Amino acid sequence: MASKFSKKKSEGTPAISTASLPDIVFMLLFFFMVATVMRDTELKLKYVLPYADQVQKLEKKQLVSTIFVGKPTKRYQKIYGDKDKIQLNDKFADINDIQPWILKERAARREELRPYMIVSIKADQDANMGLISDIKEKLREVNALKINYATHKGDVSRNEQ
Amino acid sequence: MARRKLQEINAGSMADIAFLLLIFFLVTTTMESMYGIARKLPPPPDPQQEIPPVKERNLLEILINRNDQLMIEDHPAKFSDIKGEVIKHITNFGKDPNYADKPKDAVVNITHDRGTSYKAYITVYNEIIKAYNEVRNKAAIAKFGKPFDELTKEQQKEIKDMYPQIIAEATPQ
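Line by line, the protein sequences give chains H and C.
With our numbering applied, the first sequence covers 1 to 161.
With our numbering applied, the second sequence covers 162 to 334.
By construction, these hints were calculated from the structure, which means they are not laboratory data.
Everything numeric in this text was worked out from a predicted model, so none of it was measured.
A portion of the hints provided could be inaccurate.
[To be verified] DSS-like cross-link-like pairs, simulated, lysine-lysine; straight-line CA separation at most 25 Å:
hint : chain 1 : residue 1 : chain 2 : residue 2
1    : C       : 314       : H       : 61
2    : H       : 61        : C       : 263
3    : C       : 291       : H       : 57
Using the sequences plus the hints, can you model the full thing?
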């Protein structure tokens with residue numbers, strides 16, 4: 001009887017089983033795979049969005065076309081200068097390129113979705129309003145009236161004045 | 162033939178492969194903020210259409226200059242003053258002769274310079290919308306006993322009709 005309870009000879013600390021490690025890693029992997037949005041455009045300019053708190057979430061991503069406004073990144077500053085520029089898809093663009101671009105974006109969408117198209121303006125917080133009002137004027141002329149000023153969610157006091 | 166014991170596949174390197182993929186996705190992930198202030202631009206101007214005159218008292222003039230300094234109705238002001246002024250303007254009901262007659266007629270006009278920074282403009286816009294949201298929320302609680310967000314579509318529309326958001330923008334020269 002006593003032999004049944006006799007302790008086994010200790011063999012040092014037992015190794016921690018790593019068999020469940022792949023499961024954990026896979027779980028994380030799937031999370032990031034699902035959450036990843038592959039950027040289809042290469043950003044050629046830098047922008048820091050301003051803060052606002054009266055914001056709405058932009059949901060239907062397939063309805064959104066984005067106009068970027070900001071200063072070219074270092075690599076492109078030699079060619080394009082360091083003034084605020086507009087980027088449409090993956091090219092720098094002129095203010096006059098906006099209207100043909102909008103028409104192209106509109107044509108690429110299904111017909112029943114076209115009236116709901118939203119143009120998201122992702123502009124740097126220090127961009128000049130002159131350029132942005134020019135963009136707005138151009139959008140107005142082609143009847144792309146739904147716009148969205150992209151911002152971070154936060155108190156406006158964080159836009160240090 | 163002696164039956165060979167089935168060899169187990171070594172799964173030890175599975176973790177390595179998964180880690181590799183994980184790191185790849187970690188690096189490429191951009192958690193994009195898809196928040197923003199939604200606006201609807203006015204339709205393109207019709208040359209035949211005449212702009213209806215707006216009475217001076219119904220107009221709250223907000224001016225931002227190129228140095229991001231602010232003027233409300235010709236008085237220098239701070240960004241934090243905007244909300245209070247707008248609320249006073251739209252809920253005046255004709256009491257103060259300097260503010261709007263009726264909420265329906267109240268217009269907030271933003272004039273900015275070409276050199277105004279985008280963040281100043283967003284701040285001003287945000288404050289104006291905040292003022293409207295507060296007024297609408299109050300009206301919703303007074304009328305339906307519920308905050309604006311919890312109302313049905315029709316009730317929201319009713320409140321929106323009581324306090325329509327009319328924000329005009331002057332095109333900068």
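Do the hints match the structure? See the list:
{"no.": "1", "hint": "C:314 - H:61", "result": "holds (23 Å)"}
{"no.": "2", "hint": "H:61 - C:263", "result": "violated (39 Å)"}
{"no.": "3", "hint": "C:291 - H:57", "result": "holds (16 Å)"}
In terms of the numbered hints stated before, the structure departs from hint 2 and from no other.
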